[in-house]
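**Student:** Build the full structure now, drawing on both the sequences and the hints.
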Amino acid sequence: MTALLYLIPIALLMGGAGLAAFIWSVKSGQYDDMDGAAERILLEDDD
Amino acid sequence: MSTVDTLTAPGCPSGLEPALDAGVIDPAPFVRRLRDGTSQLELSIHGAKCGGCISKIEGGVARIPGVDSARLNLSTGKLSVLWRGRVRPRDITQKISDLGYRSAPFDPYTAARQTDEEGRFLLRCLAVAGFAMANIMLLSVAVWSGADGEMGPATRMMMHWISGMIAIPAAAFAGRPFFNSALSALRKGRANMDVPISLAVFLSLGVSVFETLNHGRDAYFDAAVMLLFFLLIGRFLDHRLRARAREAARGLLALQATTASRITTGGGLEAVSARDIAADDMILLSPGDRAPVNGVIEEGASDVDVSLVTGESAPVTMKTGDTLYAGVLNMSSRLIMRATARAEDSLLADLTRLIEAGEQGKSKYVRLADRAAALYVPVVHTLALATFLGWLFLGDAGLRVAIMNAVAVLIITCPCALGLAAPAVQVVATGRLFKSGVLVKSGDALERLAEADCFVFDKTGTLTLGRMSISNRDEISGDVLLQAASLARASRHPLARAVVAAAGAGKLADDVSDVPGFGVEGIIDGRKARFGRGDWAGASGASDNAASEAWFRLGEDPPVRFEFDDSIRSDAANVIDALKIRGADAEMLTGDRKAPAARVASLVGLQNWRAETTPADKIARLNELSAEGRKTVMVGDGLNDAPALAAAHASLSPGTAADASQAAADFVFQGDGLSAIVTAYDVAKQARRRVLENFAFAALYNACAIPLAVMGLVTPLIAALAMSGSSVIVTLNALRLRAGKPGT
Chain P
1 MTALLYLIPI ALLMGGAGLA AFIWSVKSGQ YDDMDGAAER ILLEDDD
Chain B
48 MSTVDTLTAP GCPSGLEPAL DAGVIDPAPF VRRLRDGTSQ LELSIHGAKC GGCISKIEGG
108 VARIPGVDSA RLNLSTGKLS VLWRGRVRPR DITQKISDLG YRSAPFDPYT AARQTDEEGR
168 FLLRCLAVAG FAMANIMLLS VAVWSGADGE MGPATRMMMH WISGMIAIPA AAFAGRPFFN
228 SALSALRKGR ANMDVPISLA VFLSLGVSVF ETLNHGRDAY FDAAVMLLFF LLIGRFLDHR
288 LRARAREAAR GLLALQATTA SRITTGGGLE AVSARDIAAD DMILLSPGDR APVNGVIEEG
348 ASDVDVSLVT GESAPVTMKT GDTLYAGVLN MSSRLIMRAT ARAEDSLLAD LTRLIEAGEQ
408 GKSKYVRLAD RAAALYVPVV HTLALATFLG WLFLGDAGLR VAIMNAVAVL IITCPCALGL
468 AAPAVQVVAT GRLFKSGVLV KSGDALERLA EADCFVFDKT GTLTLGRMSI SNRDEISGDV
528 LLQAASLARA SRHPLARAVV AAAGAGKLAD DVSDVPGFGV EGIIDGRKAR FGRGDWAGAS
588 GASDNAASEA WFRLGEDPPV RFEFDDSIRS DAANVIDALK IRGADAEMLT GDRKAPAARV
648 ASLVGLQNWR AETTPADKIA RLNELSAEGR KTVMVGDGLN DAPALAAAHA SLSPGTAADA
708 SQAAADFVFQ GDGLSAIVTA YDVAKQARRR VLENFAFAAL YNACAIPLAV MGLVTPLIAA
768 LAMSGSSVIV TLNALRLRAG KPGT
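Taken in sequence, the protein lines are chains P and B.
Okay, so the first sequence: first residue is 1 according to the numbering used here, each after it adds one.
Okay, so the second sequence: first residue is 48 according to the numbering used here, each after it adds one.
Simulated restraints on C-beta separations: (1) P:Gly29 - B:Asn670: 42 to 52 Å; (2) B:Arg167 - P:Leu5: 35 to 45 Å; (3) B:Ala433 - P:Asp35: 48 to 58 Å; (4) B:Lys235 - P:Pro9: 41 to 51 Å; (5) P:Asp35 - B:Gly676: 40 to 50 Å; (6) P:Leu5 - B:Gly132: 55 to 65 Å; (7) P:Leu5 - B:Pro425: 39 to 49 Å; (8) B:Asp612 - P:Leu43: 42 to 52 Å; (9) P:Tyr6 - B:Ala746: 45 to 55 Å.
Beyond 12 Å from chain P on every Cβ pair, some chain B residues (computed): (10) Ala75; (11) Pro76; (12) Ser231; (13) Ala232; (14) Ser245; (15) Ser320; (16) Leu331; (17) Thr367; (18) Ile570; (19) Arg574; (20) Lys575; (21) Thr703; (22) Arg785.
Below, simulated EDC-like cross-link-like pairs (lysine to aspartate or glutamate); rule was C-alpha separation at most 20 Å, straight line: (23) B:Lys96 - P:Asp35; (24) B:Lys482 - P:Glu39; (25) B:Lys366 - B:Glu345; (26) B:Lys235 - B:Asp417; (27) B:Lys678 - B:Asp632; (28) B:Lys732 - B:Asp624; (29) B:Lys641 - B:Glu659; (30) P:Lys27 - B:Glu164; (31) B:Lys482 - P:Asp33; (32) B:Lys96 - P:Asp33; (33) B:Lys627 - B:Asp729; (34) B:Lys96 - P:Asp32; (35) B:Lys96 - P:Glu44; (36) B:Lys482 - P:Asp35; (37) P:Lys27 - B:Glu165; (38) B:Lys96 - P:Glu39.
Since the hints were derived computationally from the structure, they do not count as laboratory data.
Values in this document were obtained by computation on a predicted structure and should not be read as measured data.
Don't be surprised by glycine CBs; every beta carbon is placed ideally from N, CA and C.
**Tutor:** In C-alpha cells:
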C-alpha cells in the first residue's frame, strides 16, 4: 500500500500537466478558428 | 507556377464565390489604438471560403508596407490587421477590394467585447471538472472494489481525504457558472435549474466532508464533480450554438451598418454608418450599393433596382436630378447622391424598426428545456424535503441518515440528462443540416420550426430564382448568343447577366461601353454592335414590354429579339407538395404585381396568394395566421421580407438573400433548390422527437431511481453508475439523429 504514497501524487501531477496544457491552449486562442486551422495546414509558407 | 493565376485572379480561388466589386471605403474612423502604440483594424470579410482565400488576403495585406501582421479568422470572417507607424487604412480596404472581396469595418467598441470570453470560461471550467472527475474516479473505484474488507479503514479515509482535496477546489472553480446564475436568480426571488444543481453540489460535498471526518464509509466527492462535468458539457454545447449564430449575425450587421461611403470636402471617401449621415452629405454609390438614405442624384446615370420600394421586378434607369429612396440598389454604374433626409426618417429605418419588433416577439419563446425545468425543480425539491422529514420523524434513524438520504435524492435526480437532452440533440441536428447546406442560427429555431404548420413564401428570389434567364433560347443562333454575350459581359444589368450565364465564359468585344438606360455597345469584327432596348438597338417592332426583352443588332443585320423570364425554381412545386403531405399549409405573399404572381402561384400549385403587399402587409397576414392559432414559417429573400422573417414563428432565407434578410432569418440555405426547406423541417421534427424522448427517458429513469434513493438504498457506486449511464444514453439517442435518412 505504501506505493500509493508516491503513485497518487505522480498521477495527479501528470493529470495536472495535461490540464495546464489545455488551459494554456484555450487561453492562447487555439480553438477560436477551427475552420481556418483545418485549411491553413494546406497552405505553403513560401514567402 | 500555377498558383500565380489563382492568386492574381480576383475572388475566391475555389470558385465558390464570384469576385465582388464594391467601392472602397476609408475605415480610418474604425482604427483602434492599442496601448503599446500599435494600431488595429478589424474588418468583416465577405466572400472568403477556403484556405486559398486565407493566403491571398493575409499575404496581400501583409505586403502593404508598414503592416506588421494580418490574420483572417475563417470561422467568423474577421480579419485583424496590426501595424505600427504610418499606414493608410484605406490602402488595406483597397487591397482587399483589388483581391475581389468585400470588406466592412467592425465598430471597435463592439469588437472589443467580441472575444468569446464566456466560451473560454466554460471550456476552462469543463477542463477542470474533467480532470477532477477522472482523478477522483480512480480513487473511488479503488474504494468501491475494496469495500468488502480488503481495504482498511485508514487507507479508505486517506482516499476520501485526497478526493476531497481535489473535489472541493475543483467544484469551487468549475461550479461558478451554476453558482453565479443560481445566486442571481435567487436574488430576484426566482428559482431556475441552477438552484437545485448548486444545492446538490454543496450538500453532497458538505455531507462527504462530514462523513470523512466521522470515519464514515460513503463519500460523494465523485458524484459532485461528475455532476458538474456532465452539466458543463451541455452548457458549453448550448453556448457554442448561440455564439456561432451571434457571430454570423454580427458579420452581416457590420456589412449593413457601414456600407455608406461619404465624400469628404477634400474629395476623398470615408466610411460612415448610415445613422451618421446628415442632410446635404454627398454619398458615393458604387454598383452593388444600396442608397442608405433618401436623396437626389447629383452626378451619373445608372440602372436602379427599386423592387424594395415599389415591388417592381424590372430595373429603372435614373439620371441626374432623379430622386432615390433609401434601400434602392444601384446596379450598373457609379452614382453620386446628395442626402435629403437622415437615416432615421428613411424607409430602411422603418424596416429596421419592424425587424427589431419581430425579434422581440421571438425572444418571448420559452425553450423546451426551460419548460421541462419549470416542472422539474419544484418536484425534486419537494421530494428531497419529504425524504428528509420522513426519515427524521418516521423512525429512529436519526439526523445523519435523514440528511444522507435527502442528499442521495438530490444527487440521483440531478438534471444531468435534462441538461444534456436538448443541447446534444440540437448540436447533432445543426451539424447534419450544415452538411446539407442549411445554416441554423440558433437552437430554439429548430424547436420553433418543428412546431410550424403554415409556410408563407415570398415570390421573387424564393419560389423563383430571382434572376432572368433567356426563354426563347431556341430562336437564337449560337453565334448571335456569343456575340451578344461579348457585349453583355461589360454590364451588370440582369438581362445582360442572363445572356452571359447562357453563353458561359468568353472574351469581351472591343471598345465596349455601358450606356445606362439603353444597353451596351461595342465593335465586333470591325462592325458596330448594340445590345439593349429595342428602339435604341434599331428594332422597329419593339414591344412596350421592355422589362423582359432585349434586342441585339450587329452592323446592318436584322435585329434579333431576346426574351427573358424569371424562372421558377425547378423543385418549387415538389417542395410545396412535400409540405402539404406533411400536413402543413403553404401560401404566397409578394410585393410584385398581380399577373406575374398569379402565373407563379398556378405553376407551383398554390391556391392562397396575395400580390402587391408591402412589408407591413406581410406582417399583418402573419399576425392574422397566428391569431388563428397557426405557427407560421416565413421563407423569403428580399430586404422587404426581412421584417416578416423576423416576425414569423420561424423563418428561412436562401443564401442569395439580402444581408438584412439573412440576418433576420433563423435558417439560411444554400443551393438552387428549395428542397432544403423540407430537409430542415424534417430534421427539426426529428430533433424535437429526440428531445422529447430524452425527457421521457429522464422521467422514466427518475421514476426508477427516486424510490431507491428515498428508501436509502443508494450507495455512491449506484449514484455514479446511474448518473453517467443516463447521460450516455441521452447522448447516444441524440447521435441517432445523425444516422437518420435524409428527408425526401
